[in-house]
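*Asks:* Just so you know, the sequences run in chain order A and B.
The end of the first sequence is residue 193 by this note's numbering, with every number in the run present.
The end of the second sequence is residue 298 by this note's numbering, with every number in the run present.
Please keep in mind that the hints were generated in silico from the structure rather than gathered at the bench.
Values in this document were obtained by computation on a predicted structure and should not be read as measured data.
Note that the Cβ used here is the ideal one computed from N, Cα and C, for glycine as well.
Mixed in with the good hints there might be a few duds.
[Claimed, not checked] Counterexamples of contact, computed for chain B against chain A with all Cβ distances above 10 Å:
1) Phe-24
2) Tyr-76
3) Ala-86
4) Asp-89
5) Val-103
6) Phe-120
7) Ile-156
8) Thr-185
[Claimed, not checked] So these bits of chain B aren't anywhere near chain A, every CB distance computed over 12 Å:
9) Ile-20
10) Cys-100
11) Pro-132
12) Leu-148
13) Phe-162
14) Gln-178
15) Gly-272
16) Lys-276
[To be verified] Pulled a few chain B residues facing chain A out of the computed Cβ check, cut under 10 Å:
17) Leu-4
18) Gly-81
19) Asp-84
20) Phe-85
21) Thr-92
22) Val-155
23) Met-157
24) Val-159
25) Gly-161
26) His-163
27) Phe-229
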Amino acid sequence: MPTNKQRIAAVAATAAIVLGGGWLASLISPANASGTDAIAAENTGPVCSQTRQQEPSEKPIQVSQQEEQVQAPSGRTMQVSINGIRNSHGKIYIALFDSAEAFNSYDYDRAVGFKEPPAKEGSLTVDFPDLAEKPYAISVFHDENGNQNFDLSGGYPSEGYGTSHAKSAYDEPKFHQASLKPGSIGIRLHYLR
Amino acid sequence: MDFLFESIDPSWVEYWDAMINDWFFVGALIFLALEFVRYRMKGRLSWDIIGDTITNYITLAMFIGINFLVLGGLYYVFVYGSQDFALFDIDTNLATIAICIVVADLLYYWEHRCMHRFNFAWATHSVHHSSPHFNISVAYRFGPMDGLWPMFGTVIMVVLGFHPIVVAFAEIMVQLYQTALHTETIKKLPRPVELIFNTPSHHRVHHGSNPEYLDTNYGGIFIVWDRMFGTFAEEKAPVVYGLVKPINSNNPLIAFFHGIYRVAENVITAKGSRNKLGYFFGPPEFEPDKIAQDRSSH
Ligand SMILES: [Zn+2]
Ligand SMILES: [Zn+2]
Chain A
1 MPTNKQRIAA VAATAAIVLG GGWLASLISP ANASGTDAIA AENTGPVCSQ TRQQEPSEKP
61 IQVSQQEEQV QAPSGRTMQV SINGIRNSHG KIYIALFDSA EAFNSYDYDR AVGFKEPPAK
121 EGSLTVDFPD LAEKPYAISV FHDENGNQNF DLSGGYPSEG YGTSHAKSAY DEPKFHQASL
181 KPGSIGIRLH YLR
Chain B
1 MDFLFESIDP SWVEYWDAMI NDWFFVGALI FLALEFVRYR MKGRLSWDII GDTITNYITL
61 AMFIGINFLV LGGLYYVFVY GSQDFALFDI DTNLATIAIC IVVADLLYYW EHRCMHRFNF
121 AWATHSVHHS SPHFNISVAY RFGPMDGLWP MFGTVIMVVL GFHPIVVAFA EIMVQLYQTA
181 LHTETIKKLP RPVELIFNTP SHHRVHHGSN PEYLDTNYGG IFIVWDRMFG TFAEEKAPVV
241 YGLVKPINSN NPLIAFFHGI YRVAENVITA KGSRNKLGYF FGPPEFEPDK IAQDRSSH
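Make the full structure from the sequences, and use the hints.
*Replies:* Set out below in C-alpha cells:
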C-alpha cells in the first residue's frame with residue numbers, strides 16, 4: 001500500500017509527464033519543425049528541391065500545367081480556388097501562412113503570401129509560386145464593401161470567409177488541421193448574412 | 001527518420017484503428033482455441049471454464065450495447081466539446097502518436113488504480129476481476145460502466161491538443177496490449193522486458209486475490225508506473241484468481257451486475273451517513289464504523 005507521500009509524489013510526477021508530453025508533441029508539429037527547413041530551402045534552393053524529388057510525382061506535373069509561371073522553377077506552387085463567391089463587389093483577400101502562431105491568431109501582417117484580386121461572382125483561382133515543400137494554411141475573406149477590413153457585427157462575420165480544410169462555416173481549424181503542402185486546394189466562402 | 005514527422009491525416013488513423021481492433025479480436029479467438037487445447041491436455045477443461053468463457057463474451061456484448069446506447073453520445077459531447085480548449089497545437093504524425101500512447105498509458109494507470117480504490121467505480125471493474133480463471137476471454141469480461149471512466153483521460157488528452165481520433169487510437173493500443181496479457185501460457189519474459197513493460201506475469205498478479213497481490217500492477221503497457229508509484233508486486237506464490245469474496249456463479253447477469261448490486265445494497269443497508277458514504281466512496285475493504293452503528297442502534 002503506497003504511503004501518502006508516495007501518492008502526492010506520484011500525482012505530481014504524472015502531471016509533469018502529461019503536460020510535458022503535450023508540450024513535446026507540440027514541438028514536433030511540422031509547423032515548427034519545418035522552420036529550419038525553410039531557411040535551408042532559401043539558402044540552397046536548387047539542391048534542396050532535388051533532394052525532395054522523392055515526393056509523389058504529381059506535384060511537378062501540376063507546376064508545369066501553369067503556363068504563366070515561367071520563371072523560378074525551384075519553388076513549389078500553391079493553387080488556391082475560391083468557390084461560392086456571391087457577387088462581384090469589392091475584393092477577395094487571400095492570405096497564406098507558414099506559421100501556426102500567425103495563422104491561429106489571424107495576424108495578416110505575418111502572412112507569407114497575400115493576394116487581393118477583384119471579386120468575381122462564382123469562383124476564382126490564384127497561385128502562390130516559389131514556396132518551400134512544407135505546410136501552409138490559407139485564410140480568405142470577401143471584402144464586399146471595400147473598406148479593407150473583415151467586418152463583424154455582433155461578434156459574427158458579416159462578410160464572406162473561408163479557411164483551408166474547414167469542414168463547415170463554424171469549423172475553425174487550427175494550423176495543423178488547416179495546413180497543406182503546396183498543391184491545389186479549393187476553399188468555399190461562407191456568408192452568415 | 002523524416003517519416004516519423006510526416007503529417008498523417010486523422011482519417012487514416014481511424015482506419016488503422018478499426019482494422020487493428022477487428023483483426024485483434026479474430027486473433028484472440030484463435031488464441032482462445034489454443035488455450036482450450038492446452039486446458040484439455042492438462043486435464044483442466046471443465047464445464048465451469050466453458051461457462052465462464054461464454055459469460056465473458058456475454059458481458060462484452062452487454063458492455064458494447066451500453067456504450068452504444070448511453071455512453072457514445074456522452075463521449076461525443078465531452079470530447080469534441082473539449083477540443084476548443086486545446087492547450088497545445090499538436091500535429092498528427094508517428095512521433096506525436098507515440099507520445100500520445102505513453103500519455104494514454106499513464107492516464108490508464110490512474111484510471112485503473114481509481115477503479116480499484118473507490119467502491120462506486122470498483123462496482124463495475126470488479127466484473128472483470130470476478131472470473132476465477134485467467135485466459136484471453138477474461139480480457140473481454142467487462143462491467144456495465146467500464147466505458148465511462150476512461151472518459152476523464154480522453155478529455156485530458158484532447159485538452160492537451162491531441163486529435164480525438166489519435167487519442168482513441170492510443171487508448172485502443174493500451175487496451176489491446178492489456179488484452180494480450182491475459183494468459184497463463186507465458187511464464188516470464190526476459191528480464192529487461194519484465195522490468196519496463198507489463199507482462200502476463202505482472203497482470204496475473206493484478207488478478208490475484210492473494211493478500212500480498214491485492215491492489216498492485218495497475219499498468220497498461222508500461223509497468224514502470226507501478227514501480228515508480230509504489231504499487232508493484234512480483235509474481236512469486238501461485239496466483240489465486242478472482243475476488244476476495246468470489247461470486248461463485250457463471251450466470252452472466254449475476255457476473256455483470258453483482259458489483260452494482262453489492263454497492264447499492266451496502267449503501268442502502270448501512271447505518272448512518274458516514275457509513276453510506278464509506279460504502280460509496282471508500283475503498284473495497286471499507287468496514288462500517290462501529291461507533292456510528294452503536295449510536296444508531298440505541
Ligand atoms: Zn483491475
Ligand atoms: Zn485483467
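*Asks:* Hint by hint, note whether the structure agrees.
*Replies:* Evaluated hints:
1. Every CB of chain A is more than 10 Å from the CB of Phe-24/B (nearest about 25 Å), matching its label as outside the interface.
2. Separation of Tyr-76/B from chain A is adequate, the least Cβ-Cβ distance of about 16 Å exceeding the 10 Å criterion.
3. Against chain A, the non-interface label of Ala-86/B is violated: not every CB pair exceeds 10 Å, the least being about 7 Å.
4. Not every C-beta of chain A lies more than 10 Å from that of Asp-89/B, the closest at about 5 Å, which undercuts listing it as non-interface.
5. For Val-103/B, the condition that its CB be more than 10 Å from all CB atoms of chain A is violated, with the nearest at approximately 4 Å.
6. With a closest Cβ-Cβ approach of about 19 Å to chain A, Phe-120/B is found to remain outside the 10 Å limit, as its non-interface label requires.
7. Distance check on Ile-156/B: its Cβ comes as close as 7 Å (rounded) to a Cβ of chain A, failing to clear the 10 Å threshold; non-interface status is violated.
8. Consistency note on Thr-185/B: stated as away from chain A, and its beta-carbon is indeed over 10 Å from all of that chain's, at 31 Å minimum.
9. No Cβ of chain A approaches the Cβ of Ile-20/B within 12 Å, the least distance being about 21 Å, so the stated non-interface status holds.
10. Its closest Cβ contact with chain A, about 7 Å, brings Cys-100/B to no more than 12 Å, contrary to its assignment away from the interface.
11. Look at Pro-132/B: its CB is around 25 Å from the nearest CB on chain A, clear of 12 Å, so calling it non-interface holds up.
12. For Leu-148/B, the requirement that its beta carbon stay farther than 12 Å from each beta carbon of chain A is met, with the minimum near 20 Å.
13. Look at Phe-162/B: its CB is around 7 Å from the nearest CB on chain A, not clear of 12 Å, so calling it non-interface is violated.
14. Against the 12 Å criterion, Gln-178/B stays outside the reach of chain A, whose nearest CB is about 19 Å from its own CB.
15. Non-interface call for Gly-272/B relative to chain A: holds, since the shortest CB-CB distance, roughly 26 Å, exceeds 12 Å.
16. With 12 Å as the threshold on Cβ separation, the claim that Lys-276/B sits away from chain A holds: the shortest Cβ distance comes to roughly 24 Å.
17. Annotation: interface hint on Leu-4/B holds; nearest CB of chain A at approximately 8 Å, less than 10 Å.
18. The criterion of a C-beta within 10 Å of any C-beta in chain A is not met by Gly-81/B, whose closest approach is roughly 13 Å, and the hint is violated.
19. Taking 10 Å as the C-beta contact cut-off toward chain A, the hint placing Asp-84/B at the interface holds, the least distance being around 8 Å.
20. With a cut of 10 Å, the hint placing Phe-85/B at the interface with chain A is violated, because the nearest CB-to-CB distance is about 12 Å.
21. At a threshold of 10 Å, the smallest CB-CB gap from Thr-92/B to chain A is about 7 Å, leaving the interface hint in force.
22. With 10 Å as the threshold, the beta carbon of Val-155/B stays out of range of chain A, its nearest partner Cβ sitting at about 12 Å, so the hint is violated.
23. The restraint placing Met-157/B at the interface with chain A holds, with a minimum CB-CB distance near 8 Å, inside the 10 Å limit.
24. The interface hint given for Val-159/B is met, as the beta carbon of that residue sits about 9 Å from the closest beta carbon of chain A, less than 10 Å.
25. At its closest, the beta carbon of Gly-161/B sits 6 Å from a beta carbon of chain A; the interface hint therefore holds under the 10 Å criterion.
26. Here the hint on His-163/B is kept, as its CB sits about 8 Å from the closest CB of chain A, short of 10 Å.
27. For Phe-229/B, the suggested interface contact is upheld, since its CB lies about 4 Å from the closest CB of chain A, less than 10 Å.
Checked against the numbered hints above, the structure breaks hints 3, 4, 5, 7, 10, 13, 18, 20 and 22 and satisfies the rest.
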